[in-house]
Amino acid sequence: MTINRTNYENYFLRYVDGDLSDAEKLMVDGFVAENTNLATQLESLLQTKFVPDTTVVFANKEKLYKKENKERTVLFFTWQKIAVAAAFIGLVFMAWILMPTKESVHPIVINAPIKNKVADLIPNKESKHPIAINSIEKNKATDLMPTKKTILSNSNKKQPINHYAVQFKKAVNNKMSTQQINTSIAILDNATIKANDSRLTIKNNENNSPNKALNSAATDAIALQDQSEKTATANKTLAASEQLNIAVSNNTNESSTKMHRTVYKELDTETDNNSLYVGSIELNKDKLRGLFRKAASLLKRKSDEPTNNTLIAQNNPSFN
Amino acid sequence: MTEFEYNQCVTLYADNVFRFIMKNIGHEADARDIVQSAFEKMWLNKQHVITEKSKSYLFTVAYHQMIDHIRKTKKTKIVSSFEQDERVVYQTNNQLKETLMQALNQLNETQKSLVLLKDYEGYNYQEIGEIMNLSESQVKVYLHRARLQLRNYLVSKENIS
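The listed protein sequences correspond, in order, to chains C and P.
Add 48 to a position in the first sequence, counting from 1, and you land on the number used in this note's numbering.
Add 293 to a position in the second sequence, counting from 1, and you land on the number used in this note's numbering.
Bear in mind the hints are in silico, worked out from the structure with no lab data behind them.
You may find that some hints are simply not true.
As the list claims (entries may be wrong) - Derived coverage of chain C by chain P (criterion: at least 3 residues anywhere in the stretch with Cβ under 8 Å from a Cβ of chain P; other residues may be distant): (1) 62-71; (2) 84-96; (3) 108-118.
No residue lacks a Cβ here, since even glycine has one placed at the ideal position from N, Cα and C.
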């Protein structure tokens, strides 16, 4: 489409707006050059074009500048969170306090010097050291012969019968004679009966000879059987002792390795008794015992209180 | 749009927007308020504003706020303020510019904005249409009418003088 006298105004307006291409601009320039009487119209339209007024500026532009405020997150601690944190700290503190120290737990003493053979064989409550292995092997059969004092002291301390069984097995390891084994059985019987009937135990302990001890133990056992018909507990104890006797006589020919295993089992049991595992934390049971007792006494006291009140209320009708 | 880009927009376009609004309403304080609120809006929506289109965004916001402002204020007040402004313009500019400003004041708000956006900022028809919510053909027609009106005013003034 070319410029002519009918459409020139549209071209002139677009020329002022800068909407024409370079070719169209040249075409308009040529048209104006040919039609000079229309040049004034183009000039007047060009005069309507505004030029930016650079004197008009936005003063104090600094007001428009912005800076991002990095908001800090505020953590609100609820009471539940604080309670959980306090409980956790308390648990850690308790675990630290109740943690078994080096003094309380002693490792197994190997190659320990034997100072008192009899004392080694007798379990001592005060000493928390396990029995030395080598000292057991060096024990003689005569060491197993208990004196009156020894048995009495052991029975008073309420040591388990297993201890005597261990002693007996140790003796087998050292190839004890049959007579000696029988003596040990008598000792076991003695200890068992002592636990149930102190009178009989004293009687047995008066016999120092092994043969006498065996005979008197048998006699006393029969006598005890007659008496223990009255009580079921005595019967059970005797039956257990008899079974032990049979088991011991059958096992005299067994290998010594089996006996060794029993000795180690005894040591492990003692260690386990002293420690209590809460999760992976090992605690000393002895230290906790006092705490448990206090808690039990408190609970008992509280449970007794309402009972007393009800008794008072029953006795005193004015309460109703 | 980042903080840096926003501040760059302030540096580059604050004067342009202010000039556009100032020439339209002729009141400096109101023009400043409109410009400030336009930049404030852009700052709040900076995450959605594309940097390349920040200038047209600013002009669009400022233009619509200016229209709202004009609708709110009374026409008489605007005229009186223009008279005050004209005195200043007369003192600083030459005769042609004074006559041209008088001619501009004879135009309606839409025509005025069309002429200023075209001449001051050099926007094409499509861009002006986007700012003023008009079609390209509408912009073209309204702008050409405004030009002819301005020319007629200038010619009539020349004839009188």
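Original post:
Hint by hint, which ones does the structure fall short of?
Top reply: none
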